[in-house]
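Participant: Given the coordinates of chain A, work out where chain B should sit on it, guided by the hints.
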Amino acid sequence: MNSHDVAVLGYLVILLAGIVLQLLATKTRAPIPSLGKVFSWAMGTRARRIGVLVAWAWVGLHFFAH
Amino acid sequence: MGGSPRSGDTGIGDVAATVAAVRAGPGYAVTALAGLREPIVVILLLIAFFTWISGKPLDGLLMLVVGVSLAWDTGRRRTRPGGPPEGRQADSRPQDISAASRDDARGVGPATRPGGPPAAARWSRLMVLAWLAAGALYALLVGSFSRYSWPATVPVVALGAAVVVAGWRGPSLSRPAPAKLPAIGLALWGVVLAAGCLWELSSLLQQPSLTTSSYAHPTISTLTDPVLGTWVGRSIFLAAWLGLGWFVVDR
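Residue numbers (our numbering), protein chains in the order written: chain A, 1 to 66; chain B, 1 to 251.
In case anyone wonders, no lab produced these hints; they're calculated from the structure.
Don't take every hint at face value.
[Stated by the list, open to error] 20 Å max Cα-Cα, derived SDA-like pairs, lysine to any residue: (1) A:K37 with B:A179; (2) A:K37 with B:T222; (3) A:K37 with A:Q22; (4) A:K37 with B:G185; (5) A:K37 with B:A134; (6) A:K37 with B:I184; (7) A:K27 with B:W246; (8) B:K180 with A:V52; (9) A:K37 with A:G18; (10) A:K27 with B:G185; (11) A:K37 with B:F247; (12) A:K37 with B:L129; (13) B:K180 with A:G10; (14) A:K37 with B:V249.
Isolated chain A (complex conformation):
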């Protein structure tokens, strides 16, 4: 396994962790909020809302903007 594989594996593990958290939140009674609830909470104040929206806009800019 070379460093490229390790890097990709790292991304996949993090993605898997997110999926597991979402499943725990929606399928069990674990004290974990779903991603939707986390976003609802994050949109509750101006600073957090702007942070979330800027993060979303940044993704588009990063991959497409000059």
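Facilitator: Chain B in isolation, oriented as in the chain A frame:
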């Protein structure tokens, strides 16, 4: 035709009182420092810095503008005596649509309930279809342009800026404040998010230079380059980006 002397005096008095209040208020430095105590501001400024030095000055500049504006806005709120509290109620503005309208838009309101006005329900469905069609057209059109070209840059920057500006004014929906979330669960989501950011940053810093991609230490951008090299790939990515934006704004 003009107002009475009494009302004119009142207007001048209001202006004078406002000027006096501004002069008596905290200085620029205090306001800026108060704004920097907001973690989101610090994160935005860090992103602006790293984006700038990694060869994306436009992204960096936009992040910087938002970060500084938010610092100033937060600082003013925190240093203003008796300022409004933060939260959905404080941020609510007249442009918020009512809960009933929101329910209608989602197809669960009176308009779509049995016995509700069928015309309103049809209108709601039409609006959703129109948004979906507009999104698909946007993804296909913008995706047809090559990445980093100006025809691709302008619509992406315009949409991103419009959504951020709209979010600044207040939540798009008048939802009740969500119940307090369990700290442990919130922390776990934070750990996953932080891990993703740190892993990406680690790959970025292990590249030959910040502007030269590396096969051995790929960033997410490097990994997605082959997909985003095609029209279909770009359009699918843009559609997913729009969907994520819709999901977030709908919260």
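Participant: Could you grab the alpha-carbon distance between A:K37 and B:T222 and see if it respects the 20 Å cut-off?
Facilitator: Roughly 31 Å between the alpha carbons, so the hint for A:K37 and B:T222 is violated.
Participant: Sort out whether A:G18 lies within 20 Å of A:K37, counting only the CA atoms.
Facilitator: Within the cut-off at roughly 14 Å; holds.
Participant: A:K37 and A:Q22: Cα distance at most 20 Å?
Facilitator: This hinted pair holds, its Cα atoms lying about 11 Å apart.
Participant: Measure nothing beyond the straight line between the CA atoms of A:K37 and B:A179; if it is 20 Å or shorter, mark the hint as holding.
Facilitator: Since the Cα atoms of A:K37 and B:A179 sit roughly 9 Å apart, the hinted pair holds (cutoff 20 Å).
Participant: Would you check the hint for A:K37 and B:F247, treating anything up to 20 Å between C-alpha atoms as holding?
Facilitator: Distance ~11 Å between A:K37 and B:F247 Cα, so the pair holds.
Participant: Please work out if A:K27 and B:G185 have their alpha carbons no farther apart than 20 Å.
Facilitator: holds, 14 Å
Participant: Sort out whether B:G185 lies within 20 Å of A:K37, counting only the CA atoms.
Facilitator: At roughly 11 Å apart (the allowed maximum being 20 Å), B:G185 and A:K37 satisfy the hint.
Participant: Does A:G10 sit within 20 Å of B:K180, going by the straight-line distance between their CA atoms?
Facilitator: It is violated: about 32 Å lies between the C-alpha atoms, which goes past 20 Å.
Participant: Next pair to validate is A:K27 with B:W246; report whether the Cα-Cα distance is within 20 Å.
Facilitator: At roughly 24 Å apart (the allowed maximum being 20 Å), B:W246 and A:K27 break the hint.
Participant: Are the Cα positions of B:K180 and A:V52 separated by 20 Å at most?
Facilitator: With a Cα-Cα distance of about 19 Å, the restraint between B:K180 and A:V52 holds, given a limit of 20 Å.
Participant: Checking one constraint from the list: CA of A:K37 to CA of B:A134, max 20 Å. Satisfied?
Facilitator: violated, 27 Å
Participant: Hint check: A:K37 vs B:I184, CA-CA at most 20 Å. Holds or violated?
Facilitator: holds, 14 Å
Violated hints, listed in ascending order, are 2, 5, 7, 12 and 13; each of the other numbered hints is respected by the structure.
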